[in-house]
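Q: Now for the letters of each chain:
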Amino acid sequence: MNASPFYLIAVFAAASAAAAPATDGPGACAAGGSDSPMVAAAQPAQAPVGAASAPSRFIHSTPGEEYPPYGELPKELWPFSNVEPYFRYFVTRMPFRGPGRDYPAPTDLKSLPIGLVDAPRGGANWERSVRTREGIVLAIEEANRERRPGDLPFDLIEHEGIAQWGGAANLAAQLADEKVLGYLGTIDGTDAHVALRVTLKTEIVMVNTSDPDQTLTETQIPWLIRVMPDHRQEEGRLVELMVRKLGCTRIAVLRTGDRFARVGAHQFMDFARRLGCPAVQELLFTPGATNIPYQIGAIKESQPDAIFLMGEPADIGRFAKQLRQAGITARFFGTDLMMEDAFLKNAGDAAEGTTFTFYFDPARQDPLWTGFVARYEQRWGHEPDAYAGFAYDGAQIMLHAMQLAGPNRWRIRDEVYDLDYYQGVTGWMRFDGTGSNTAPVRVVRYEHGQRVFEPQAEFVPPAFGGTVAHAP
Amino acid sequence: MKTQPSSPFAALFGLVFVLSHAPGMNASAALPETAPLPIPVVARFENFTEKDGLPAHKIHCVLKAGDGRLWLGTTNGLCVRQDNGTFRRFGIEDGLSHLTVLGIAEDPATGDLWIATMQGLSRLSGGKFTAFTQTNSGLPNNVVYGVAVAEGTVWAATAAGTGAYDIKTKAWKPYDQTNTVMNEPWCYGIAPGRGVIYLGIWAGGIVEHDPRLGTFKAYRDPDGEFHIALTADSGPIVDVTSGVAYDAGVLWQASYFGLARYDTQEATWRTWVQDKTPLVSNFINSVFAHGRIAWASTDQGVSVTNGDTWVNYQVGKDGKGVVHICRPGQPPETRTMATALSDGFVMAVWADDHEAWFATSNGLSHGLFSSPADQAALTSNP
Chain G
0 MNASPFYLIA
10 VFAAASAAAA
20 PATDGPGACA
30 AGGSDSPMVA
40 AAQPAQAPVG
50 AASAPSRFIH
60 STPGEEYPPY
70 GELPKELWPF
80 SNVEPYFRYF
90 VTRMPFRGPG
100 RDYPAPTDLK
110 SLPIGLVDAP
120 RGGANWERSV
130 RTREGIVLAI
140 EEANRERRPG
150 DLPFDLIEHE
160 GIAQWGGAAN
170 LAAQLADEKV
180 LGYLGTIDGT
190 DAHVALRVTL
200 KTEIVMVNTS
210 DPDQTLTETQ
220 IPWLIRVMPD
230 HRQEEGRLVE
240 LMVRKLGCTR
250 IAVLRTGDRF
260 ARVGAHQFMD
270 FARRLGCPAV
280 QELLFTPGAT
290 NIPYQIGAIK
300 ESQPDAIFLM
310 GEPADIGRFA
320 KQLRQAGITA
330 RFFGTDLMME
340 DAFLKNAGDA
350 AEGTTFTFYF
360 DPARQDPLWT
370 GFVARYEQRW
380 GHEPDAYAGF
390 AYDGAQIMLH
400 AMQLAGPNRW
410 RIRDEVYDLD
420 YYQGVTGWMR
430 FDGTGSNTAP
440 VRVVRYEHGQ
450 RVFEPQAEFV
460 PPAFGGTVAH
470 AP
Chain F
0 MKTQPSSPFA
10 ALFGLVFVLS
20 HAPGMNASAA
30 LPETAPLPIP
40 VVARFENFTE
50 KDGLPAHKIH
60 CVLKAGDGRL
70 WLGTTNGLCV
80 RQDNGTFRRF
90 GIEDGLSHLT
100 VLGIAEDPAT
110 GDLWIATMQG
120 LSRLSGGKFT
130 AFTQTNSGLP
140 NNVVYGVAVA
150 EGTVWAATAA
160 GTGAYDIKTK
170 AWKPYDQTNT
180 VMNEPWCYGI
190 APGRGVIYLG
200 IWAGGIVEHD
210 PRLGTFKAYR
220 DPDGEFHIAL
230 TADSGPIVDV
240 TSGVAYDAGV
250 LWQASYFGLA
260 RYDTQEATWR
270 TWVQDKTPLV
280 SNFINSVFAH
290 GRIAWASTDQ
300 GVSVTNGDTW
310 VNYQVGKDGK
320 GVVHICRPGQ
330 PPETRTMATA
340 LSDGFVMAVW
350 ADDHEAWFAT
360 SNGLSHGLFS
370 SPADQAALTS
380 NP
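Line order of the protein sequences matches chains G and F. Take the first sequence: its letter number 316 is residue 315 in numbering that gives the first Met the number 0, and every next letter is one higher. Take the second sequence: its letter number 298 is residue 297 in numbering that gives the first Met the number 0, and every next letter is one higher.
Hints listed in this document are in silico derivations from the structure and should not be mistaken for laboratory results. For clarity, every value in this text was computed on a predicted model and none was experimentally measured. A couple of the hints might just be wrong.
[As the list claims (entries may be wrong)] For the chain F half of the interface with chain G, some residues (derived, Cβ under 7 Å), not all of them:
{"id": "1", "residue": "38"}
{"id": "2", "residue": "86"}
{"id": "3", "residue": "128"}
{"id": "4", "residue": "158"}
{"id": "5", "residue": "159"}
{"id": "6", "residue": "184"}
{"id": "7", "residue": "212"}
{"id": "8", "residue": "226"}
{"id": "9", "residue": "227"}
{"id": "10", "residue": "228"}
{"id": "11", "residue": "232"}
{"id": "12", "residue": "239"}
{"id": "13", "residue": "344"}
We treat Cβ as the ideally placed atom computed from N, Cα and C, and that holds for glycine.
Just chain G, with the same shape it has in the complex (with noise of 0.2 Å):
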């Protein structure tokens, strides 16, 4: 196996299905050819398997759909909300009009390629990578078992991350050169915008799984959904809990110096900033960083009663238990990351009473999630996270539009980008004007070490009896 960066095409068929579990990494999937008998052509618009057998958990948009504005968010958390501006993007979804819907099917396929970008090796997302591919690489086995006679089987073509800046757009122009139909990734929210930029230069679509930078969808490129909600859903419905109803007034920040906090923090302190509480101080570390005394000494003099905290769980989790260790009462708040096991390790008790939002709630006895739960397990040995559970539903999504549209990547992008909602595993989604998620996330509180989920229904769209309440 070579080292980074590693080219790899995975085919996986009926017969990989019955693999041991294995623990390996996105590295490690074996290469072979397909073992199926091959067709002359892939039949374009073949429906999908079981799609007659139950009501369809894909609903699409209608041309011309109007959506509401800024994520659903509340007005109050609009920029100049009280001014209407003299134009509004995203009411609409941006279409593709450009040709090559009737544009002949290859017919030279032997299979179904699908790209994927993984993380660079490790770096901070390498892990979360790892589940990523792993629910990528289920789906399609899944999907490969499923395959009826004569149906190609979906390909895997996967390569690792490069850790600079534009390394993804030469990943993503190589995976064009692969002629891949769509392609998966990033986590890496740099990776996700330079890779979407040669996207829109080779028409295939992506389907990003678990990048929450919510400026990612917001280019008008129509090649492009997010299946996690975004920092957008994540901090307003933060904001709106700190200020409205723990009335949090005096907020300090702590980040990490990156593009990645950076783009996040902002997009919070612009919110707190709309509710009337600006940050009273924002702090940034290197991650990495084991001591921040400056830092420290300069939120206690701030005299907060919020510490909103953004960067990787360990550093987080190490800064929470100095600012307790130097008297700062304040209490914390964040985002998904610190539902990772590492925050909660260096935190100690300091994470006692930390208040933070997530996607869902792993203990959901939804029988999709379960169902996904139990089968990820035995094909991995491990439990999934949300990572795999996103990625997972990602696939599926690619794989229902490719055996809808066939091998044509243009009518692929149609059956992607034009989805309303879709129920995968990990909920019921809901895309919004730029293409991304919008349902609801969850507010979570750790008590005595414990990762308590406060109540709220699941997101039903309407067309299912459902409402489209942004929060409880």
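Starting from the known structure of chain G, fit chain F onto it as the hints suggest.
A: Relative to the frame of chain G, chain F by itself:
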């Protein structure tokens, strides 16, 4: 969720269109008498597709070189239109660094071509290609979105910053978020200005760089929000720049959110968005400037404007050309043409005072201009 209502501007266009196409009424009868337009008008399109020898459906860029030869950047290599009208393709086997060509620039001093591709920058000099990549040169990234040559320097806009190559010294200098005012290094376009270089930055607006002084100045969206344009005419339409162009003291910004113009002499901005202005679509793939006139290539045709008068070229449902003309203070006019753009999804334009070439997602179009005296003839439906 409900259906989007049509805009008043679109409705006005529609009304004029219906009137001009009503039975027994030709377009000229429904349109007011007008003076010649201050911008060129295409009288007829000639189209070229794969059937005519083009190597691909999609043409990303087009350039007419100083020697009169027409060069095309396609998804299947570089292409030149030869004297006999046929097309000759150059691919990787010829030394081109990648098949997907996103931009072409000519060195006015030597006639060399610099070619932006998805895997490096290529130079075509004396019939030979030389490839510059991030591993064999100082090119910041292999995905090169745009290229320009100015005063002995080649400027390459890449996915990880702009690279400046001094042709004489062969030295590279990178420009990114570490040594300029750009907050992101993702560069999408390059336009030489008067003594300065304009860099179109994705999520960073436009950066103006004076190479002699080593200074940088950023032009950013005043509201800083992607979801809205708070006010008109206040600055770049958005920070997500898809292309820039400069000529005759006017800087143009293309974006997927509309069009913006900066008059460098008056230091004033103007902006245009679809439905509220004559701009045919917010989704602008690129913009080309000739004199004080801009050619905006959009997903719904081309908008040509000097900022006041507009001529839009679209493809009708029947495949015929549809021309919208907007003069200041007058209702828009809609005319039909017997010929149309090869495809409405236009990637790029090259134009001078005599002709225009259109790179589209499905072929190449040649626009032959009418003389001012001929413009009235366009009002008759052929």
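Q: When the structure is checked against the list of hints, which entries are broken? Sort them ascending.
A: Going through the list in order, the structure violates hints 1, 2, 3, 7 and 11 and respects the others.
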